[in-house]
Structure formats: structure tokens, C-alpha cells
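J.: Listed below are the residues making up each chain.
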Amino acid sequence: MDPARRLGRAQIDVFAQLGVSTILLGGIYALIAVGLTLIFGIMRVVNFAHGEFLMLGMYAAFWAFHLWGLDPYVVLFVSIPLFFGIGFLTYVLVMRGVIHASHNVQIFTTVGLSIALQNVALVLWTGDFRTVRPWHSSVVIRVLGTAFNLSQVVAFAIALALTLILFAFMKWTHTGRVMRATAQDHDAATLMGIDTDRVYRVTFAIGIACVGAAGALVSPLYAVYPTAGLQFVLLAYVVVVLGGLGDMVGAMLGSLIVAAVEVVGSYVFGVAWKEVFYFALFIAVLVFRPAGLFGQRGAETLGV
Amino acid sequence: MASLPPGRRAAVGLLGAAALLPLVVRDAFVLDSLILILMWGALSAAWNVAGGYAGQVSLGHAAFFGIGAYATALTTARFQQSPWLGMVLGVALSVAAGGVIGYLSNRLRGPYFALSTIAFSQVLLIATSRWRGFTAGSEGIPVPFRPGLATLGLGHVAWVYMALVVAALYYAVQVWLERSRLGYQLAGVREDEDAAEALGIASRRLKIYAITLSAAMTSVGGTLWAQYVGFVDPFYVFSIDLSIRFALNTIIGGIGTALGPFLGSMLITSLETYLRATFSGVKTGFAGIYLVIYGTALVLVVRFAPEGLIGLAARFAAAWRVRADA
Chain F
5 MDPARRLGRA
15 QIDVFAQLGV
25 STILLGGIYA
35 LIAVGLTLIF
45 GIMRVVNFAH
55 GEFLMLGMYA
65 AFWAFHLWGL
75 DPYVVLFVSI
85 PLFFGIGFLT
95 YVLVMRGVIH
105 ASHNVQIFTT
115 VGLSIALQNV
125 ALVLWTGDFR
135 TVRPWHSSVV
145 IRVLGTAFNL
155 SQVVAFAIAL
165 ALTLILFAFM
175 KWTHTGRVMR
185 ATAQDHDAAT
195 LMGIDTDRVY
205 RVTFAIGIAC
215 VGAAGALVSP
225 LYAVYPTAGL
235 QFVLLAYVVV
245 VLGGLGDMVG
255 AMLGSLIVAA
265 VEVVGSYVFG
275 VAWKEVFYFA
285 LFIAVLVFRP
295 AGLFGQRGAE
305 TLGV
Chain Z
203 MASLPPGRRA
213 AVGLLGAAAL
223 LPLVVRDAFV
233 LDSLILILMW
243 GALSAAWNVA
253 GGYAGQVSLG
263 HAAFFGIGAY
273 ATALTTARFQ
283 QSPWLGMVLG
293 VALSVAAGGV
303 IGYLSNRLRG
313 PYFALSTIAF
323 SQVLLIATSR
333 WRGFTAGSEG
343 IPVPFRPGLA
353 TLGLGHVAWV
363 YMALVVAALY
373 YAVQVWLERS
383 RLGYQLAGVR
393 EDEDAAEALG
403 IASRRLKIYA
413 ITLSAAMTSV
423 GGTLWAQYVG
433 FVDPFYVFSI
443 DLSIRFALNT
453 IIGGIGTALG
463 PFLGSMLITS
473 LETYLRATFS
483 GVKTGFAGIY
493 LVIYGTALVL
503 VVRFAPEGLI
513 GLAARFAAAW
523 RVRADA
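Chains F and Z, in that order, give the protein sequences.
Mapped onto our numbering, the consecutive letters of the first sequence carry residue numbers 5 to 308.
Mapped onto our numbering, the consecutive letters of the second sequence carry residue numbers 203 to 528.
Since the hints were derived computationally from the structure, they do not count as laboratory data.
The structure presented is a predicted model; accordingly, all values stated were derived computationally and were not measured.
Each residue gets a CB set at the ideal place from its N, CA and C atoms; glycine is no exception.
Wrong hints could be hidden among the right ones.
Stated by the list, open to error - Derived DMTMM-like pairs (lysine to aspartate or glutamate); straight-line CA-CA distance at most 25 Å:
1. F/K278 with Z/E395
2. F/K175 with F/D191
3. F/K175 with F/D199
4. F/K278 with Z/E341
5. F/K175 with F/D201
6. F/K278 with Z/D435
7. F/K278 with F/D17
8. F/K175 with F/D189
To be verified - Examples of chain Z residues lying across from chain F (beta carbon under 7 Å, computed):
9. G312
10. P313
11. A316
12. Q324
13. I328
14. I453
15. L493
16. V504
17. A507
18. L511
19. L514
Generate coordinates for the entire structure from the input sequences, incorporating the hints supplied.
T.: Next up, the structure:
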């Protein structure tokens, strides 16, 4: 039940609350989706194991908090380089061999990776739901008739900052330009002397670092368990397809749309049905604009 | 017999061995494993019709499995009707669902298609787990056991033969696909859709045929599974894990081959049963170790032996022939 509604405040409060919730949620979804869309845009691989890296990020935050009492935001500084390394290693060990293989091979490589990681977590840490409860998760901020949790605000702010850093990196650094060139035309980039294997290594590592950071950020807000990544990754697929696979700005807008659908859908019809709305949206987009709301028409039939 | 190609001979041998096993062994554990191998094999064969022969790699086939399972659970438990009626209803619903999914997504290729099938199965999962008034929601439904063939309340031995009939039938469907005009056209669409269309093949319509046929076959498997196991739980029957399982068996055995799904099921199902029996008491959650092996095996197989066990067997056979000739 929405707090504003229970208090019988004016309608405007409800709208303000829904709006704020949408933006806060959208920022976090964006960080998860941006890594997925980056990997797709440059490597042309849909990473079906993306959610499992999020889950690992959440576990990293959980254990750091549980064993050493470290705050998830402190863990973030370790998580980003750690997951960059994990992504790098995963590329070298698993993805490099299938980067030029058919879609089916790529799909099932990442699906296999996802099954393996999920169950490594299950074997090591059991299926129990675990929660991280730092002090800031119980601080409520009330502004102009809206109420939200401090962890949510900080998670949003950090997610937004990281996403913007990534944007700036892609736009203004040499490596970013090289990555975009590879995304546009792999063969031409190779002919210009770009080491595409190195680009893929860095891309995969950055994508996984984003989702590892997102894992630390969402850990105070959601429970951690071996299949925790699934709910987020399904949502990230919706976001990424909405925005157009490979389109980073599209992913930001897609995140806001999905968050809005989720927030308003839960408010009007109840939390139980919220997923139905974004899947309905997903199917509608796949049917009517499969290249995404802002994507180039026809991209989906090229099988890219 | 001697004139049959080696794959067919192996299939006849394996199915024959499965038919003879219940005459010799009466151990419930062995028979249960055999039934599951045959059922998962048949279901993977159903997946193979769309995923292997038509190249429509679906990660949402649990949708049709779940429809079949729920159709029989609801007709028997809620309306006290025959499970066979449930099977027919399930097939009708799955054909309709397959038609809709096929119609809506057949423009999509590669990962887009896989993503859309996941979305469809998730919508069904959410709908069944939340619609408490009709489907009993996330609690699931126990399927009543009434002895007799008409009510599908069978003993272990009878279930072996039931599963065997379905497995043989599905094998035959695949062999028919390999030889028929439809099968050749589907292969054309799978290998190069644009070229196939240029030759006048109505690729989008054919893809709908393939997925509806596959959906109907999967639904029958779902019905039988629900009757055999006796309980339907939405989070299992509509799960992505289940969809992956159909694909996994097929890929490990050999995608796009008639025998592949059954070989994959033999290997994966017996590995699973064995590891479960061995590790289940050791530590909670440790049973998940078989899934770690499964996932790793999938990564390794698609990388190093994309044609699966069948491909490996063919490679070894060729090497052996070369040595025999020398």
C-alpha cells in the first residue's frame, strides 16, 4: 500500500511518489541494462548469464557485510575492479572461442555459464534468502509528500554517476572510440589496425563490472539467493529490447519506461501482477517494433 | 536391418532394449529412471522439431509443457474428467499458443526469437501462479491417482511402455521430417532464410507449422509427465530451467538429428539421477552439483563438439574406418 494513499493525502502526492519511485528504480535498472546492451552492441552476443553476475555482485556485498561489516557502498570500490577482472577472465576462458560462432552456439554458451554459476552459488552458499541491512536501509526521507529510503536514493545516485561515466568514456576516450568503431563495422575496424580481440576483452569486462556494481547497489534493497539474478535480467532484456539492442541511450530511456510500467502497474493493479505488464510491453515491442522504440527498423531480421 | 543407416539401427536397438528391460528388472528405481529418460528424450525430440529441424531455438518450450500439465491436472482434479480429455485440450491450447507465438515472433531471428519465447513462458508462469481461483496459484495442484488406462493411473511397468510408445512415435516424426518435403523446406529456411524465400518457400508459414507441431508434441509430454509424477507446480512446469533442459538434452545428443535428443536424455538424466542419489544426503544444496556439471558440459559441448554425441560418434567411426582400410 502506498503510504501517501493510506494517509489520505491529496492526489498530487501519489503522482509525485510514483514519479520519484519510477526515477529511482529506473536508474538502477539502467546500470544493469547498460552492461548488457554494451556487450550486445559491440560483441553481438546476448549474455544470458548477465543476471548471474548480478547475483555474484550481490553475494560479494552480502559476504563483505556479513563477515567484516563493510557497507555495500564501500564494497563497490572493490567490486568494480573485481568484476572487471571476472569479466576479463570469462571472456578469455569462455567467450573468446565462440565470438565468431553461430547465434545458437553463443546462446547456449552463455546459458550454460548461467546454469553453472547459479548452481555454484547454490552449492557454496545454499538456497537461503539472505539480506544486507546496513543502517541506511532503514532511514526514510520525506520530501514534498513523497517518502523513500536512503539506500534507494544513494543507489540511484551512484548508478546514475557510473552510467554517465561510462557514457563519457565511450564518447571521449580513445578506447571508447575504438569500441564504437568496432561496433559499427568489425571488419573495417580490423583493417584500421584495431585489435578487436582486445576490444572484446575490455567490452566484456566493462559490461560485467557494471552489473557487479549494480549487484552491490541493490543488495540493501533486495534479498540475495542463487537465482536472484533472474528477475533482474528478464527485466533487463525488456529494457534492452525496448531501447534497441546495443543502444545505450535507448537503454536509459527503456529503463525509465519499464520502471514506470512497474511502478504504476503495481500501484493500480497490485504488486502481484507487475511482471505481466512489462512482459506484455515486451511482447508488444517485439511484435510491432522489434528493433526497439528508437532502434533502426529491420535490425531484428538481420539477426544481429 | 543391415540396410538401415547406423543411426536407425542404434535407435531400434536402444528402444528394443528399453522394451525388454522391464521383463528382466523389476526394481522401481531403475524403472523410474528409464521412464524419465524416455519422457525427457521424447520432450527433447519435440523441442528438436522446432529448435533443430526448423532452426527456431526456443527457450520457452516450458510454456507448452506447462499447458499440457495444467490441462490434465485441471480436467481431472477440478472437473473430474478423463486425463485423455485433458491431453486433447492441452494439445488444442498449445497449438493455439504455438500458433500465436509463431505468428508474432517468426520475423525475429537468433537471440530475439529466444528472448520472445522466454517472455511468453514467463507470462504463463505469472498468470498461473497468480490466478488462485482457477489454478490454485503457486501452491500447485495434486493430480488424482485413479488406477486404469482410461484414467492414466498406471504402474511402473505400464508407464515404461507408455513412455516408450511416445518416444518411438516422436522418433518416427523426426525421421519423417528428415525425409519429407516439409523437412527439406525447413532445413532450407534454417540454413539460409533469404535464399529459401527466393526459391519460393513460404518461410514464415513453415516456421509456424514447425512450432505448432513441436508445441503439440511438448504438450502431450507435459500431460503424461503430470500424470506420472502426480503433482503440478507452476514454478517448475513453466520454468526457464525446464525449457533449457529440452534444449540441453538435444544439443548434447546432437541437434537436428533424430536420435540425438534420446542420447542426450540418456546421458543427462542418468547423470542427474545418479548424482542426486549419491549426494542428496551429504549437504543441503549439494545436489545442485549436477547442474554445475550440466552447465559446464553445455559450454564445452557447444564449443568443442557442436554436433553433440552423434557428431562425436560419426567422427570416431570415420577415423576407425580409415584405420581399418589402411
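J.: Now look at each hint and say whether the structure bears it out.
T.: Hints versus structure:
1. Using a Cα cut-off of 25 Å, the hinted pair F/K278 and Z/E395 is violated, with the two alpha carbons roughly 37 Å apart.
2. Under the criterion of a C-alpha separation no larger than 25 Å, the hint pairing F/K175 with F/D191 is consistent with the structure, at around 21 Å.
3. For the hint pairing F/K175 with F/D199, the CA-to-CA distance comes to about 19 Å; that is within 25 Å, so the pair holds.
4. A C-alpha spacing of about 20 Å is found between F/K278 and Z/E341, which places the hinted pair at or below 25 Å, so the restraint holds.
5. A threshold of 25 Å between alpha carbons decides the hint, and for F/K175 with F/D201 the separation of about 20 Å falls inside it, so the pair holds.
6. A threshold of 25 Å between alpha carbons decides the hint, and for F/K278 with Z/D435 the separation of about 21 Å falls inside it, so the pair holds.
7. Distance check on the hinted pair: F/K278 and F/D17 sit about 21 Å apart at the alpha-carbon level, within 25 Å; holds.
8. As the CA atoms of F/K175 and F/D189 are separated by approximately 17 Å, the hinted pair is consistent with the 25 Å bound.
9. Hint on Z/G312 holds. Least Cβ distance to chain F is approximately 4 Å, under the 7 Å limit.
10. Residue-level restraint check for Z/P313 holds (minimum Cβ-Cβ distance to chain F is 4 Å; threshold 7 Å).
11. For Z/A316, the shortest C-beta to C-beta distance to chain F is roughly 6 Å, which falls under 7 Å, so the interface hint holds.
12. The beta carbon of Z/Q324 is positioned within 7 Å of a beta carbon in chain F (closest approach about 6 Å), and the interface hint is therefore held.
13. With a cut of 7 Å, the hint placing Z/I328 at the interface with chain F holds, because the nearest CB-to-CB distance is about 5 Å.
14. Contact between Z/I453 and chain F, as hinted, is supported at the beta carbon level, the nearest pair being about 6 Å apart and thus within 7 Å.
15. Proximity of Z/L493 to chain F holds as hinted, the smallest CB-CB distance being about 4 Å (cut-off 7 Å).
16. Hint status for Z/V504 relative to chain F: holds, with the closest Cβ pair at about 5 Å, below 7 Å.
17. A least Cβ separation of about 11 Å between Z/A507 and chain F goes past the 7 Å threshold, and the interface hint is therefore violated.
18. Residue-level restraint check for Z/L511 is violated (minimum Cβ-Cβ distance to chain F is 15 Å; threshold 7 Å).
19. Interface restraint check for Z/L514: the shortest CB-CB distance to chain F comes to about 16 Å, outside 7 Å, so the restraint is violated.
Hint violations for this structure: numbers 1, 17, 18, 19, all remaining hints satisfied.
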